[in-house]
Structures are given as C-alpha cells and as structure tokens.
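Going line by line, the protein sequences match chains A and B.
103 is the number that the working numbering gives to position 103 of the first sequence; each next residue is one higher, with no gaps.
341 is the number that the working numbering gives to position 341 of the second sequence; each next residue is one higher, with no gaps.
Be aware that a few hints might be false.
Unchecked claim - Between beta-carbon pairs, the in silico distance windows are:
| no. | chain 1 | residue 1 | chain 2 | residue 2 | range |
| --- | --- | --- | --- | --- | --- |
| 1 | B | Gln172 | A | Asp352 | 14 to 24 Å |
| 2 | B | Leu203 | A | Arg330 | 21 to 31 Å |
| 3 | B | Val417 | A | Leu25 | 47 to 57 Å |
| 4 | B | Gln172 | A | Asn65 | 50 to 60 Å |
| 5 | A | Glu173 | B | Glu470 | 47 to 57 Å |
| 6 | B | Val474 | A | Asp352 | 47 to 57 Å |
| 7 | B | Gly256 | A | Arg330 | 12 to 22 Å |
| 8 | A | Asn65 | B | Gln410 | 35 to 45 Å |
| 9 | A | Leu154 | B | Gln172 | 55 to 65 Å |
| 10 | A | Asn65 | B | Val417 | 16 to 26 Å |
Unchecked claim - Here's a subset of chain A near chain B, in silico, CB distances under 8 Å, partners left out:
| no. | residue |
| --- | --- |
| 11 | Gly63 |
| 12 | His90 |
| 13 | Pro261 |
| 14 | Leu263 |
| 15 | Asp352 |
| 16 | Thr356 |
Note that these hints are calculated values from the structure, not bench results.
Virtual Cβ for every residue (Gly too), placed ideally from N, Cα, C.
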Amino acid sequence: MIKQKSEASIESTSSESTQIIKSNLNKINLSQSDYVGGKSTLCTGCGHDSVTQQIIKAYFQSGVNPFQVVKISGIGCSSKTPAYLMNQAHGFNTIHGRMAPIATGVKVANHHLQILGISGDGDTASIGLGSFIHMIRRNLPIIYIVENNGVYGLTKGQFSATADAESIKKGGERNLFTAIDLCSLALELGCSFVARSFSGDSKQLVPLIDAAIRHNGTALIDVISPCITFANHEGSTKSYDAVKSHNHHLQELGFVQPQEPLLVDYEEGSYQTVKLVDGSVLILKKIESHLHDITDLQAAKNALNNSKQKNEILTGLFYWNQNCTHLIDRLHLSSTPLVQLTEKELRPKEEDFHQTLSQWK
Amino acid sequence: MISSEPVRMKENRVNDFTVQIATINGSGSQSANQILVRTLFRMGIPVGGKNLFPSNIQGLPTWFTIRAHPEGFVGRKNEQDIVITLNPSTALSDQKFVSSNGLFLYNSECALPSHKMRSDIISISIPFRQLSQEATESVKARKLLQNMIYVGLIAQILQLKWEVLEQTVRDQLGNKAELIQSNLKAITIGLNWAKQNLPSEFLNKFTAKEVPEGNDQYVLIDGNTTAALGLIYGGCTFASWYPITPSSSVMENLAGFSQKWRKDKAGHSTLAIIQAEDELAAVAMALGAGWTGARAVTATSGPGLSLMAETAGLAYYAEIPLVIWEVQRAGPSTGLPTRTQQSDVLFAAKLSHGDSKHILLFPSNPEEHFSFGQVAFDLAETLQTLVIVMSDLDLGMNFHRSKKWPYPTQPYARGKVLSADELTLRGKFERYSDVDNDGRTYRTLPGTEHPLAAYFTRGTGHDEQSRYSEDPEVYRTNLDRLNKKWENAKKWVPQPQISQTHDTDSAILCYGSTDIIINEVLNLLAQQNLKMNSICLKSYPFPRSVEEFISQHQTIYVVEQNRDAQMKTLLTEEYPQYTTRFKSILCYDGWPITAHFVTQNIFPKKGI
C-alpha cells in the first residue's frame, strides 16, 4: 500500500480551498442547498429520487454555476425529476421522446449553456430512439442520464424496450422481446462517453456525473433505477434485489475535485488516474486482474458483451473519448452565442440587398 | 411539314401569348425554359413561368408554361398559343392545350395519326434529332441540346431580341465558354430552321416586343428564394429541417445566403442550419432554440407538418416563439408532392390536439415571401407563440414577377424578455403572470445571471409561476388568457390587401397564390360589366378590417385551391352572422388556378 499525492493536487490544496470545503461552500461559494429543487412527487423509495440526490451532490461538488445550466427532460416519471433539483437553473419538461432534439436547439442557440438531460427508458429507447441515435451521431454536448427501470411507470407498469426478455411483469406476464441495451447501442454509434450505474450506488454514480460534467460531447449515463411500484417483484430483472445480486463493477471509481487533496492508497499498477483540464482527477481502480482501458472502444464493447453472456449487469465507465469533436465545433459557430447576436450583426447591408435583387432577372 | 391547312392569320398579338413546352423529366430542359422566360423578362415584358413537374427524377412527363401579358396577367391559362412537344408519350394529349389558331410544334419522332390531329390549329413536325446532330457530334450532348433547339424555334417565332437572348444564355450557363458556344450554336440551328421552314405569316402571329425599362423596377424570382433571403434579413439564427418537396429549396437557399452574409469577423457562422433526422426532430430543435432566445425556423410541407403537430401544441401552450415555413402541396397523404394546393389551411390553423390555434401568414408574391420572414419572427417573439407561414408550391417554386421592394429598416421586435438588470429593478418575476393585462407575459432566457431568472417550462398544466398545477380554476384562467392574447394578436398581424373602388355589394376574397389571378378575374368581370371589389387575406386570425369589408358586401366569392373550402370554414367560424354571404370557388386538381376557372364559376352559363 502506498500513499501518493499527485501533481494536480499540490496546486489545489491551498489553505483557501481547504477552508471552502470546511465551510460547506463550493468553489463558487454556493452551498449544497443552492442545488436543490422542489419536493418530489414520485413514489416513496423510487430509484429516481436517489439519482436526483447524486446529481445534486455532483453539481455542488463540481461547483457548476446553476444559472448556466439547462435541465431538460421528455415525458415519464424520470422526466419529472428536473423539477426536484437545481431550482436556480432554467428547466424544460418537454414532450415524449423529443428531449434530444429540443436540447440540441438549446445548446446550439447558446453554446455557453450546460445541458443536463434526464430521460427514461420509454422516452429514450422507444419513442425517442431515433432522436437519441442522431444526437449521439452529432455528439451533442449534453449529460444524458437515463433513469432506466424497464417499465412505463406513469401508465402503470407496461414493459419498456429495455425490459429483459422473459422478465416478468407485476401481473405475471412474460416479456416476449429482447431488450435494447442503450450502452451497447451508444458504443456502436461511437458515443464519446458511455457509462452505467445503479441508483443505489452513490459511490459510483457521483464520480461518473462528476466526470460527465467535464466531458465535451454526449455523455450517456444509463442508470438502473428500480421502480418500487411496478418492477420490484421477483422475476423483474431491474428490481433492487436483482440489480444488487447481478451488479458487477467494471472498476472502482473515485473523483477528486480540483480543490481536494489527491490521496491514493491503492497498490501500484492497480489503478489509473485521468487528469482533467480543470485540475480534477478521475481515479479508476481495477477490480479483477485486468484494468479496463476506458479509451479503448473495442475493449468496452467486449466487456459489455462478456457481461451479458454471464448474465451480469456491468456498471462503471465503459468508454471516454476526451479528444472528440462535438456538434458545436462542427457547425463552426460564432464564438458569441447565437442568442446574443444583435440586429446589426444579423441584417446584411443595404448594398448587398440591392445587388441581390438586381441579379434576379 | 405543315399537316393542316394554314389557318387564316388573325391579328398579331404583341406581348400577349402563352407558351407550353412538354419534355421528359430529367432531360435537362430546365435551363432552356429559364433562358426563355428570363429573356422575355429582360426585354421588359411582364411574364411568368410555371413548372408543372412530376414526382420523379427521370422519365415522367413534365411541362413548362410561360405567359406574357402587357397588363401583367401572368397567371396560368389553360389555352396555350404555342405548344412544343418533345415527349412522344404526351404528344397527342398535348394538342388539347393548343388554343384555337395556335401553333403545335411536335417532335417528328412522335407518331401522330393524321385522323387524330386537330384541324383548328397549325401543327408542325420538327426534326429535333436531326437538328441536334447538326449541333454537336457528341451523342451525349445531343439530348441536352435538343432543348436549345426549341429555344431557337421560339426565339424566331416570337422574334426575341438576339442580344438579350445571348446575354441570358451566358448568365445562365456561367463561365463555361465551350458550353456557351455549343448552346448558342444549337439555338441558331433552331432559329434558322424556323426561318427557312415556317411560313412568314406564321412568324408575325405572336410577337415579343421590347419594352424599354419595362421591368427595371421588377424582379423575376421564385418565392422559396426570397423566403430564404427574408429569413436572413429577418434575423434568423437557427434553422432545422428535413428534406421535403416543395420546401427543400427554402433551406438550400438559406444555406447559400448564409455562406455569403452570415459569417462573423472570424469567419464563423451566425446562423446554424441542421438537417434533422425527421420532422419531429426538426421542429423540436427549432422549438428548443426559440425557447433559448434564437430566431428559429423550420421549413416543411404537408406530411412534415403532420409530424410537427405535437410540438406545435407545446409552442402554443408553453408560449414559445417558433416559426414554421410551410410550402403546401397537394394532399391528402403523400398526394401529389409536386403539385400545388392550399389544402393545409384548416389543419395548420388548429395544428395539435386540445384547444390549439396558431397565427398563420399568407404571402402571395415574392416580396411578401421576403418581408414575412421578419414579420413571422417579430410576431412569434412578440406573441411568444408559433407562427406558420403558408406558402405553396406555385408561389414557392415558380417564377413570379414582383415589384422591387425597399431595404428593410424596421427594428426586430423581440417581445417581452427580461434581462438580469430588469429583474433587479422589478424584484419579481412570474413567467405567466399577465402583469400588463394584454395576455402577453414576460420571459427570461436561460443563462440569465439572476436568482429570479429561472423558471420551469412545461407542457403540463401550470400556474402563473409555471409550477405544475391541476387546479381547475388555474387551468381555465390560463386558457382564457391565451385567448385574450389571441384577440390582441389581431392588432399585430398583417392587414389584408383591399381593393374597394366600386360601389357594389359583391366581392372576391382570395389569399396566397390565388391572388396571382385576381386582377385578371376582375378585368374579365369588368368586360361583362360586372364590377367587384376584392380582398386578399394576409393572416389568421383576421384583423378587424376583414369583418368591416365583409359587412359591406352581400356576396363574397371565396376563391381557394382546396376541396373543402377551408378558409371559408375559418371565416364562417369567426363571422357566423355572415355565413350565407360566402360562396366558394374551389380548384383542387393540383395545377395552379386560372382566371377563367373563377369567372366560369361566377357565371357558369356565360362562359367568360
């Protein structure tokens, strides 16, 4: 066992930042209570409420300015949750399956905004699947959290497209069709950040959201989030018990904020640190003999395939391409957000106008 | 060569004729047709051109019609004075278009049995293949150059001014010297053939006579092009779309103009254009951008509009600025994708479920396609709602002569948007609170650095603070406020164009592309001593002036290009007291309406 301090941590362990942590304020002097939202109206014990808490924690820890965040969702239980966090951020509960394109419009109109998208398995894997795929193709900068429970909760328990084949509905009916695995699909499309976690696993989920906040591109986090009312029975493969007994971690995750000291007590060779531009560090610790390389797309696909064959629910950070080109880059947009452009910059000159008309003959 | 007895020549018709050219789609006739219509325009003659094309890339029949008229009546006419048919598959039926005493020039490869030839027209067989062989040795080029041969024939028949024709060919074909030479050669071959083979009196039948400065104050252009330019000048910063005929060229032109005029000092774009995966996404992207504060548009046609319905309801209910530029085609279903209609009016007006209704704008010429770009954005932001611009294929894709319009100087109307400073001054912000008592509420844009700025937009029931609410009173009050805003919108929307010069109790009501033939209709009626006033609607809801006009007339002929009298339905809904005054005249075969169609419906027996 060794104790190590990284270079990154040396700069950030000033007395000032240590004080900030002590006084329960983050780097922009906000407390965690500045990141909370309205009261949840979901069922008591809903996995989604846990996810909400992890999001609040991660955004607070990372010191994200809520004024610059847009919370966006589609329709479903999961899509209600943006109302339960970050009240100081603009929010938009849109329509079923259209979160991705509406978020695309928001981000392109003002690329300074950070988009937090929260969707569900019905919203993403069924009615919004086409838009989900094309969002990944474009590499829209967004944190896209799927609160995945395999059922349509608001319409009382129908199977969704992520429900496993042969899993059993509350009334006893078996699911006839194979599940769409959103992480496998995203990897196939070359999504630049792909992770899976479990709503009850704050130790894993918070670092994942922390890392996703630093990503410039589509960051998909597929969170298995059991439905306490319609899918927590025996035979459901997304119940608390089923997830707990089949959950297999790809790696152990730790995230160190810029102002925190980096104290690593793992055995040499058993961990990997990813230093990020803002000085934060993602720590990935191997679990079995092999340390998964998160920059290796093929390895990510293999890991997911292997886990499926073993009937495991693999969680962790599968893939991260930090050097990707995203939608805003590709559109070659003005550095001034489009919404801030004035009439003077938008309306062409009078001589150009007359010249154009004179050509129409 | 002349298959019927030469008919005695009547008076020479100067700048008053119709020409129809029948070709096969994909044979490259578009540039030949444009050269003809542009040459006439540059000679100062009032002229218009319509492409009656199939939903096909290659092989199906296509027609191009040109109409010149000294008084500017350039709407479509059924009777064609000169018909040229290159297409053997339509040659026989193309005869039916020829006006009595008109000219029918057909490809000699069309086998036309003599007993099926009309005797009241002059039919002439033209050896297109042989002439194109003279024009070029390239087998590949021959087919294309056949089109220039007919340009030459028409140039000789109409006596087009050579210098103007030559310059038009050069402008049309760009800087390709070799191409210009071979095309001019083919035109000359056609011209000489006509000179040597057509009887001389034939050449004086229809004449294009130059009108000095006749079109100096006009442009010849299609609506989709001026729409794109209008969106640029109107401050568009975001456009998302999915390709669909006949609206695609709005976005393609927008992209072209954007390359030219929408680069900042660093060379980066001030207009984002995204081709979406479908119309569901196209309209959703524009809605997201509009919510964020961009001037956002999507363009589409009927089937695409169907897919946009759900988002339209969200824009209405959550009060988000959004513009849909709709270029109507013939429906229902896939219908006739390349033919024109005004059959989406009712659907667009109430697009989406629930009590949704939307501002509609009806441009009726290229100038309005330009100016309604900014008008649509101004209204969408002023009223925080969806505005649908209702163009159609005839307006959008055909060539129209339009008076040049001035450079726009009207400032953009951005509506009620509160900045961080204004929030500090007010000390309070509620997204849907009617503080000005006009139904129009204030919004803040995402990214506004102020603790009061944020609100949560939702398509679910919401109170004044945009919190979720199922309270019956809250819900009803909100819907009533939306109606109050709707009533107020009548003050903001464009006024109708009214011509009320006669002391008469009858009038014609039109909108959009039916306006093209209205002056001709009024003229034809005047010839029968029937004087009528006219009104051309520009918007829905209808401003007060519409009711005033209707109240002053006992009979109002509502001219529309749809089967179900859709505008009349909206009018009778708005003015139930005047229901019996409206008489429908409905054209819905997919081809642009003619003036005679209208007059025949007003006077079924007179046949004028």
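request  = Run the structure past the numbered hints and jot down the numbers of the failing ones, going up.
outcome  = Hint check: 2, 3, 5, 11, 13 and 14 fail, others pass.
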